Amino acid sequence: MTTPQLSDGAAGRPRIVHAQKLTRTYPVEAGTVIGIDEVDLTITEGAFVVLKGDSGSGKSTLLSLLAGLDRLTAGKLTVAGHNLRDCDEKELTEFRRNAVGMIFQSFNLLPTLTVVENVCLPALLAGRALSPVRSKASTLLRELGLKDRFNHRPRQLSGGEMQRTAIARALINDPDLLLADEPTGNLDSANANKVMSLLADLNRRSKRTIVVATHSDLADPYATLSLTLKDGRLN
Numbered sequence: 001m002t003t004p005q006l007s008d009g010a011a012g013r014p015r016i017v018h019a020q021k022l023t024r025t026y027p028v029e030a031g032t033v034i035g036i037d038e039v040d041l042t043i044t045e046g047a048f049v050v051l052k053g054d055s056g057s058g059k060s061t062l063l064s065l066l067a068g069l070d071r072l073t074a075g076k077l078t079v080a081g082h083n084l085r086d087c088d089e090k091e092l093t094e095f096r097r098n099a100v101g102m103i104f105q106s107f108n109l110l111p112t113l114t115v116v117e118n119v120c121l122p123a124l125l126a127g128r129a130l131s132p133v134r135s136k137a138s139t140l141l142r143e144l145g146l147k148d149r150f151n152h153r154p155r156q157l158s159g160g161e162m163q164r165t166a167i168a169r170a171l172i173n174d175p176d177l178l179l180a181d182e183p184t185g186n187l188d189s190a191n192a193n194k195v196m197s198l199l200a201d202l203n204r205r206s207k208r209t210i211v212v213a214t215h216s217d218l219a220d221p222y223a224t225l226s227l228t229l230k231d232g233r234l235n
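Each residue of the sequence shown is one higher than the one before, counting from 1 in the numbering used here.
In case anyone wonders, no lab produced these hints; they're calculated from the structure. There could be a bad hint or two in this list.
[Claimed, not checked] Pair by pair, the computed Cβ-Cβ distance ranges are:
hint, residue 1, residue 2, range
1, G31, E94, 33 to 39 Å
2, A190, S55, 23 to 29 Å
3, S206, T32, 39 to 45 Å
This one's a predicted model, so the numbers in the text were calculated from it and none came from an experiment. Each residue gets a CB set at the ideal place from its N, CA and C atoms; glycine is no exception.
Given only the sequences and the hints, what does the whole structure look like? Please build it.
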């Protein structure tokens, strides 16, 4: 039995995510663990998707599949025009650098780099020239309220400032899809509200497609599509 296909209902918009019977299993000594179980899903451009589920439900696994960080076991998965089932490692690397941006609960900033250097890094790794990259990073940081933090190290920032830096880094390559895995999990309530409002504003102003995996209810008012995972299945 498969789950019914779920869509954000935005008829006429191009699809940015299309999954059919998407499955991810993991071999273990006692048999097989199912991470994602025959999921059908369509997300159109400009959607704000809120993904919920208990710990172990498959939220992070689904985000990893959408980001090209993990390989599907069976089914089909197309993200931003890339068939992730058939991509080789080089194609997956290009996909991760250019098509998706990731925001993590733990920020994942490099402690030895300044704020602006952290933001520039993904674009420089993608082979872009330093001068325009730094200019774009500076613009993003100003827009995110960090104009006075360019040369600070992560240890000199508050939790909210670190997460805003991580958002700027995720946007530096102008990705088609922004994926956020518990982006407010390490923040106090005031900063959590600010970060979620910021993500919603990015979605609204730029029509950027965003998928937020969260236990929090803060993103619920902004959702154009609400999903719940249980035991690797969408309900």
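To see whether the hints hold, each was checked on the structure:
Roughly 35 Å separates the CB atoms of G31 and E94, a value that falls within the hinted 33 to 39 Å. As the Cβ distance of A190 to S55 is approximately 25 Å, the hint placing it in 23 to 29 Å holds. For the hinted restraint 39 to 45 Å between S206 and T32, the CB-CB distance of approximately 41 Å keeps it satisfied.
Violated hints for the displayed structure: none, as all numbered hints are satisfied.
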